[in-house]
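Heads up: the sequence shown begins at 1 in full-length UniProt numbering, then just goes up one per residue.
Because the hints were derived from the structure by calculation, they are not lab data.
It is possible that part of the hints are untrue.
Unchecked claim - Calculated cross-link-like contacts (lysine-lysine; reagent style PhoX-like; alpha-carbon spacing at most 25 Å):
| id | residue 1 | residue 2 |
| --- | --- | --- |
| 1 | K32 | K72 |
| 2 | K32 | K53 |
| 3 | K54 | K72 |
| 4 | K53 | K72 |
| 5 | K54 | K32 |
| 6 | K53 | K63 |
| 7 | K91 | K63 |
| 8 | K32 | K52 |
Claimed, not checked - If you anchor each label on the Cβ, the simulated ranges turn out as follows:
| id | residue 1 | residue 2 | range |
| --- | --- | --- | --- |
| 9 | V56 | W79 | 33 to 39 Å |
| 10 | W60 | Y93 | 24 to 30 Å |
| 11 | G108 | P58 | 15 to 21 Å |
From the three backbone atoms N, C-alpha and C, an ideal C-beta is built for every residue, glycine too.
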Amino acid sequence: MALRSLVLRTNFHKCMVANYCTPLSWIPKDEKTHTGQTFAPDDYRLVRFIDKKKLVNPNWGIKLIAEVPPTKTTSRVVWCDGGGGPTGHPKVYINLDKPGAHSCNYCGLRFEKETSEH
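Let's have the full structure, built from the sequences with the hints guiding it.
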């Protein structure tokens, strides 16, 4: 009974009938996630993806944050709370004395001090 349910859940029986089944034909493609997580082909955790496609979101958060341009300011110190309220993070102060863009350690938003030409 268990073997029958396994055969019904997978496309393995189609491979056996057509006589073209190879060990790699039923192993799901293991896409790499933003954390670099991949499984070995014989890992038991891949069982849940035998007849389903593993869904990996290609829009990684770090790529989306990099698309946001740095916020220009004239002050030496800025604060970031990630949008405030329940969707934000604790307020952090960022020193902008050194040239270049400085990012928030929580959300990755960048801030840059505008240089004033005297």
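So, going through the hints one by one against the coordinates:
{"no.": "1", "hint": "K32 - K72", "verdict": "35 Å, violated"}
{"no.": "2", "hint": "K32 - K53", "verdict": "13 Å, holds"}
{"no.": "3", "hint": "K54 - K72", "verdict": "41 Å, violated"}
{"no.": "4", "hint": "K53 - K72", "verdict": "43 Å, violated"}
{"no.": "5", "hint": "K54 - K32", "verdict": "10 Å, holds"}
{"no.": "6", "hint": "K53 - K63", "verdict": "24 Å, holds"}
{"no.": "7", "hint": "K91 - K63", "verdict": "23 Å, holds"}
{"no.": "8", "hint": "K32 - K52", "verdict": "16 Å, holds"}
{"no.": "9", "hint": "V56 - W79: 33 to 39 Å", "verdict": "35 Å, holds"}
{"no.": "10", "hint": "W60 - Y93: 24 to 30 Å", "verdict": "28 Å, holds"}
{"no.": "11", "hint": "G108 - P58: 15 to 21 Å", "verdict": "18 Å, holds"}
Hints 1, 3, 4 from the earlier list are contradicted by this structure; the remaining hints agree with it.
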